[in-house]
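Undergrad: Listed below are the residues making up each chain.
There are 2 protein chains.
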Amino acid sequence: MRIAVLGTGAVGRTLAARTAALGHETRLGTRDVEASLASTQETRDGSGTLAQWHANHPDVRIATFADAVDGADLVLNGTNGEATLVVMESAGNLAGKVIVDISNPLDFSQGFPPTLFVSNDDSLAEQIQRHHPDAKVVKSLNTVTASVMADPQSVAGGDHSMFVAGDDADAKAAARALLEEFGWRDVMDLGDLKAARAMEMYLPLWLRLMGAVGSPSFNVKVVQ
Amino acid sequence: MRIAVLGTGAVGRTLAARTAALGHETRLGTRDVEASLASTQETRDGSGTLAQWHANHPDVRIATFADAVDGADLVLNGTNGEATLVVMESAGNLAGKVIVDISNPLDFSQGFPPTLFVSNDDSLAEQIQRHHPDAKVVKSLNTVTASVMADPQSVAGGDHSMFVAGDDADAKAAARALLEEFGWRDVMDLGDLKAARAMEMYLPLWLRLMGAVGSPSFNVKVVQ
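Here the protein sequences line up with chains A and B, keeping their order. Going by numbering that gives the first Met the number 0, the first residue of the first sequence is number 0, and it counts up by one from there. Going by numbering that gives the first Met the number 0, the first residue of the second sequence is number 0, and it counts up by one from there.
Careful: at least some of the hints might be erroneous.
[Unchecked claim] No farther apart than 30 Å at their CA atoms in a straight line, the calculated lysine-lysine pairs in the DSSO-like style are these:
(1) B:Lys193 with B:Lys96
(2) B:Lys96 with A:Lys193
(3) A:Lys220 with B:Lys96
(4) A:Lys193 with A:Lys220
(5) A:Lys193 with B:Lys193
(6) B:Lys193 with A:Lys96
(7) B:Lys193 with B:Lys220
(8) A:Lys96 with A:Lys193
Source of the hints: derived by calculation from the structure; they are not laboratory data.
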């Protein structure tokens, strides 16, 4: 498969490295390739500058958002929630594309705990879908930290739960297939894209759990 | 202990039956005792009218909210979220009382999925605390269905997680002690009462999970 990963932060890098390692032709999308590769900014996950990261992952092509999306079978949105709609606007033709939206509408401008800049009767995933009605948006992976998204086995032997939500059954099946390649075994279908509200509104609890656990490397397992 | 349980719905009945069975002197609070005992309304949990339920639980005293709270060591708020502040207003002197708030601010007036009538930068638990600054509010138990609150062993052998949040350490310890009597083994302290926002904002996900699981009898276990 050809996979576009949007966003060069920890989420984008981690997912691009994983899809490339799985043998998928992977492009990592950014606004300005030259500026991103020249940037001295380091991500908090220890992978250094984008140029340093890229030296370790030469199989991933750094591309503009539009270049990354063009010809992609699957688009993973790993951009910051506040940038998401602008990035999608610049990503070219999204008609027919399966977009797995991983973003979270977190607003830290007032400190901790953060609020959500959209919630309750709307969600970021639904906003993407409304802006790009011909795309097929699936919400997933936003409920765990980047390393757990790409490698669920790193937590409790992989025995925990992931969710998908979306309006298109085939798109959800495509997202699920990639999740299973990542190693996810318990993928729960929460229904239509409105369920993205529920998945995004879980983030405040995720943040509190991170504080209680003392690490972002955790997840929840749904038990009966 | 003397325990006041507020609200005669499924949550109130289930918790009152449980605390009474544990040997605590239990009063179940309602607005109008005579009217409640004369009511023909049946709860959805199969326990019938309040009079029928009371015939099976004669050890629980049905009392007004103020009677129930007077002299109680612990108050469990099992009322409907929309009624909670009014009930608290009529519950008499709450100064110094530990109030375990189980309510959820669900608004089903626009159908499914419900929205929350308070969320994001405030919570129902914080509203109770502001209205009764001398009470000690602890948020807990709102993240599971009534039968699981009272009997965590009914799900996955009790191997799943419960949360507490509040500003008073002694009040949280008192709530935790009762949870442990119920059978809860993994009780996680999420911090100050602002964490009630996170616990209440989990409800939309809980509702979607109930749909996916096909039953309200489930919970999440936090795994590392």
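Undergrad: Has the given pair, lysine 96 of chain A with lysine 193 of chain A, been kept, meaning a C-alpha gap of at most 30 Å?
TA: holds (19 Å)
Undergrad: Do the alpha carbons of lysine 193 of chain B and lysine 96 of chain B lie within 30 Å of each other, as the hint requires?
TA: Since the Cα atoms of lysine 193 of chain B and lysine 96 of chain B sit roughly 19 Å apart, the hinted pair holds (cutoff 30 Å).
Undergrad: Checking one constraint from the list: CA of lysine 220 of chain A to CA of lysine 96 of chain B, max 30 Å. Satisfied?
TA: Cα-Cα ~35 Å, so violated.
Undergrad: Given the hint that lysine 193 of chain B pairs with lysine 96 of chain A, test it: the Cα-Cα distance must not exceed 30 Å.
TA: Answer violated: lysine 193 of chain B to lysine 96 of chain A is near 40 Å, above 30 Å.
Undergrad: With a cut-off of 30 Å on the C-alpha distance, tell me whether lysine 193 of chain B and lysine 220 of chain B pass.
TA: holds (22 Å)
Undergrad: Is lysine 193 of chain A close enough to lysine 220 of chain A, meaning Cα to Cα at most 30 Å?
TA: Status holds; Cα separation ~22 Å.
Undergrad: Is the hinted pair lysine 193 of chain A and lysine 193 of chain B satisfied, with a Cα-Cα distance of at most 30 Å?
TA: Holds, at roughly 26 Å.
Undergrad: Within a Cα-Cα threshold of 30 Å, do lysine 96 of chain B and lysine 193 of chain A meet the stated pairing?
TA: Violated, at about 40 Å.
The structure fails hints 2, 3, 6 (numbered hints given earlier, in ascending order).
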